[in-house]
Amino acid sequence: MASVQAISGYGHAEGLADTVLLSIAMYEEAVFPLAPDGANDEEQDARRTIAYRLSAYDGLPRSVRMSAAAALEAPDDGADTERARADVKELSLAVYESRNGRSLTGDASDLSSG
21 MASVQAISGY GHAEGLADTV LLSIAMYEEA VFPLAPDGAN DEEQDARRTI
71 AYRLSAYDGL PRSVRMSAAA ALEAPDDGAD TERARADVKE LSLAVYESRN
121 GRSLTGDASD LSSG
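Per this note's numbering, the very first residue in the sequence shown carries number 21; after that it's consecutive.
It should be emphasised that the hints constitute simulated quantities derived from the structure, not laboratory data.
Be aware that one or more of the hints could be misleading.
Cβ-Cβ distance ranges computed for the label pairs, FRET-style [what the hints assert, rightly or not]: (1) 42 with 97: 29 to 35 Å; (2) 57 with 78: 34 to 40 Å; (3) 53 with 78: 16 to 22 Å; (4) 66 with 119: 27 to 33 Å.
A virtual CB, placed ideally from N, CA and C, is assigned to each residue, including glycine.
Based on the sequences and whatever the hints tell you, model everything.
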């Protein structure tokens, strides 16, 4: 939560969106580790808690919150690594699109914070 407190002023939503992406990627890595001795259950739970708390913040653009929810669902449902990584990729695209009205799809209408 210290990450959220460090973000202030201009770029708040963008910084928070980046933090959400990072926290979900770290949670995914704990659930689907690259090394056989990856994160233990306690670390997985801690990363999950942080990712969920950050993703629930109302100041995030709707598209980021929706993509974050999908990305959190994959490891929780025991999905395969491929699906989880695809969901994190979609989240990263939503974060990119939310910056300054940029859109890879040509629709920046979901940039509201509500």
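Hints, verified against the model:
Checked against the hint of 29 to 35 Å, the pair residue 42 and residue 97 fails, with Cβ atoms roughly 22 Å apart. Separated by about 38 Å at the C-beta atoms, residue 57 and residue 78 satisfy the suggested range of 34 to 40 Å. Our hint of 16 to 22 Å for residue 53 and residue 78 is violated, since their Cβ atoms are close to 32 Å apart. Checking the proposed 27 to 33 Å range against residue 66 and residue 119 shows it holds: the Cβ atoms sit about 29 Å from each other.
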